[in-house]
Amino acid sequence: MEKFPLKGSREAAAEGNSYITAYQTVMKKSNGHTTGGSGSGGGDADGNYHDHPLAPLSKLNAGPHIAAATTSLSAATDDEDMIDITPRSSPGDIIGGSTSSGYHKHHNNAGESDTEREFGGNHHHNQRTMHHQHQHVPTHSAFGDPMDGGLSFYGSSDVQDDIPGIGQYEDFHTIDWQRDIARDRMRHRYIVKKRQDSVWDLIKGAVDAGSGWLCVLLVGIAAGCVAGMVDIGASWMSDLKHGICPPAFWFNREQCCYPTKQSVFEEGNCSTWKTWPEIFGLSRDGTGPYIISYIWYILWALLFASLSASLVRMFAPYACGSGIPEIKTILSGFIIRGYLGKWTLLIKSVGLMLSVSAGLTLGKEGPMVHIASCIGNIFSHLFPKYGRNEAKKREILSAAAAAGVSVAFGAPIGGVLFSLEEVSYYFPLKTLWRSFFCALIAAFVLRSLTPFGNEHSVLFFVEYNKPWIFFELIPFVFLGIMGGAIGTFFIKANLWWCRYRKFSKLGQYPVLEVLCVTLITAIICYPNPFTRMNMNELIFLLVSKCSPGDVTNPLCDYKRMNITTGTSVFEVTEPGPGVYRSIWLLMLAFVLKLALTIFTFGMKVPAGLFIPSLLLGAIMGRIVGIGVEQMAYSYPNFWFFTGECTDSNLITPGLYAVVGAAAVLGGVTRMTVSLVVIMFELTGGVRYIVPLMAAAMASKWVGDALDRQGIYDAHIALNGYPFLDSKEEFAHTTLAADVMQPKRNETLNVITQDSMTVEDVENLLKETEHNGYPVVVSRENQYLVGFVLRRDLNLAIGNGKRLIEGISSTSIVLFSSVTPTQTLGPPPLKLKKILDMAPITVTDQTPMETVVDMFRKLGLRQTLVTHNGRLLGVITKKDVLRHVKQMDNEDPNTVLFN
Amino acid sequence: MAHKRLFIYAALLAICYLIGVTWAETATQPLVHSNTSISEANAPADAKAVTPAPSFASKVIGSTTATTATKNGTAAATPECECAGALLPRVDGNGKELPICPECKCSHVARNTTLIKVVVIIVIWIISILVIYMLFLMCLDPLLNKRVKANYQEHTNEDDEPSPPMPSGSNNQELSARANVLNRVGHQQDKWKRQVREQRRHIYDRHTMLN
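Chains Z and Y, in that order, give the protein sequences. Going by the UniProt record's numbering, the first sequence opens with residue 1, and the numbers climb by one from there. Going by the UniProt record's numbering, the second sequence opens with residue 1, and the numbers climb by one from there.
If a hint is listed, it holds; no wrong ones were tucked in.
Dumping the calculated SDA-like pairs for lysine to any residue here, alpha-carbon to alpha-carbon at most 25 Å:
| no. | chain 1 | residue 1 | chain 2 | residue 2 |
| --- | --- | --- | --- | --- |
| 1 | Z | K342 | Y | Q188 |
| 2 | Z | K743 | Z | P847 |
| 3 | Z | K502 | Y | E198 |
| 4 | Z | K342 | Y | I121 |
Bear in mind the hints are in silico, worked out from the structure with no lab data behind them. Predicted model only: the values in this text are computed from it and were never measured.
Using the sequences provided together with the hints, build the complete structure.
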């Protein structure tokens, strides 16, 4: 279990040898073989089974004994059968019937040399002798004897991949991390072995070793380019709502009025930028032009929003929403085909630009993570090592998610930590370094692409560098508490609305809903100058310091006075009427934006919520900051205001805005470390880490006390994605026997290793819908041999029927490596290579706590339950998820599963 | 295959239109620029925009408009922040050194205008193509499909048919090759459309995902 720690520790199995040994140990245990090399299997087992009274088993044996495919655990009290623990029941076994001690010896000593020989690739040996040697020896591969074609799992191009599609997964299935990682390990060993053969193989090995870095390099470059395009396009289209730059239509207002610095409130003396009334020959100010601007603003917003919604609906419905809940689910090992495809990438990028420009209260940061993950997925297909192995692909996706945040905020380290803290599930240190590199490259590319000048890489640059005094921690913690409360309220309200949308008629009119919300947003937001501007601009305004002489910004309408006390002269500021007016406007804006965000997030357009939550927090923080500043102005002689620094104005409202923004974002997403890092990378205010940490912590505490789930987890729960949260604890006292399928009085569908015909298996596949079947020795002796997946079985049978002559429906399906001696009838279909010989097993008395832990940490897809060494049932991830939901008193049927 | 060809013609026409529009914009651009204030920025269309004319690119702008040079509140000292000589020591009338422009912030800003132009034009292109294709799929495709379905009623399982039944008289290689390519494109398109329909069912009808 320690071999694949999910987070934090270096991948322990970097060398194939240790891995194989460990795996064999697990395998031997699970197959019921004792690891002690001395005892012969028969003798020991004999003693064991006689010692065990079968009393506890008998109550589970109520099921009827059915023929063919389904077998119950009907009282197999035949002791003679139970002794036979080594799966050797076919008559053709005489040759293989060497002594058990020889088997063990072979197993222990000859392991390595066997591997060497097998990886040489010459698997056209004399079948007889090979079978003799390798009988029942679970060598080196979890998927059967490599001699029998385990090589096909290498995924290497020069090995004939005889059954196409093995190792892939169906849509809406969970992946088996163990299996995929083992496959990759096999492939790696094969390449390492081949490296000594020729220079060409050496080069190929080197390319393979470096392909991970190369892949994340490409992902970083592409993510930076796409983010740059989205940035430029969105800023241009947002300003298109207000006017146009006739000399060069591709400039936004800032670029159009480049030489003169423009305030966001008025156009000033910039004559090149034309508002829409001016285009129509009217003047810039006045009632008529105001109405015309208003109408144009609404029309453009409607146009952009309708385009966005209909493009998403037409081409890539998966492009809607923020995508982070789905990315989380995918990274935890779920397959959603097409979610990270090319069309999703294109439509999400375009739709994001359009919906941001429409003035909706949404941000482009969450979707940027999705876009980067799409890029990661697309590029991983260039490298078969990653493209054809879902577990390995998720390493690239983790790095890509880091790059997404890196380009969205210009915060590379924050991106890496976000990937680690929030989205990733399996995050070894190797992935951490790759994420680091990927985020670095992406940020660098974006930085060099961004044509807007220097300060743009830091989104909301705070230019002040004032110290904060100890007393200010109280308002900061207060902001944190408020942030947690607002975040929780937002989550609850948004979830309520989304649930309403899901179950009511509203969900049938996605485009109309987008249009309505856009119309309302545009109508409400235009009159208020604070909501009329872009949210980015507003946040920038809120976090920035008022400099003397700033006359256009009503937030900076201060009367400045200089007071001389003794030798020191310090400047105090008294808020003017403009500040009071803007406080009212900001409060209004806060309420509006909160309401609008609740209704916007979850609409069928690409929409993130980082920026709206930052905005809400910044408004709140600025208001609180002005209040504290006012207090300091009114009572300058309070002891807590007499800090260290008295030569200038102590309280900076902009800092409160930064802290508030962090608090609300923390309340909504429940991030801590990555949030603080993102915030100080975003603002460049390294000095304010402690206030940010205090606020983030307070916000997290309050939020968790009110409601445990963050917004992404809440949306995962709403959609019922099969996400097994590795952060939560399972604290119930149930046992594996309570959860496993089949329940009592039902039968377990198994496949026997050498007695079922193709027709039997096909009938079983037809009648049942399980995704995998345990393979047992025989129906009477339900001793576990391995586990075979439905998909692999289908593919292999189809492939066998097509390619191997003589296979008919009466052929025996053979999962053991022994060929029956009788040659009557059609030749058998050998399927040992698709058999997973190392399924993880637990006993029926294992507490569910352990089982859930195994599922989380090992990334299992299913585990088999045994009793007294005999197969009893199966626990799948779905069962675990349902059980967890049931224990938490939720509806277990909401889990989305194939 | 008629509707496929029609679609390709429509796409070609759209591309030609877009090329024309883009070209027209570039052609008229220097003319328009000559009488605007930003003309120096990119007077020739192919100017190296990373480092344009030094007079403009290295133009350093003060981000505040007015400053108070001294603490005495006489705001008349330097109303306009001149970064050119801001760091040089200055003396007032009494020979006392004035503090160096305390509130004036000077920052170096350069921009790349060509990149903005190219990106914005690419964005317009992409959106236009997508919109045209969307309109085609929404309006024309159902009509054409209906006609095709009426013509070939047995055309139900597209997976098993590698090529449609060709008229036996025409053994033209070129024609069949083109038909094959078109067919493959159509096949891909059908597959993609099926996938999108599936996605739409998940999201818009059954509401199992992305709520």
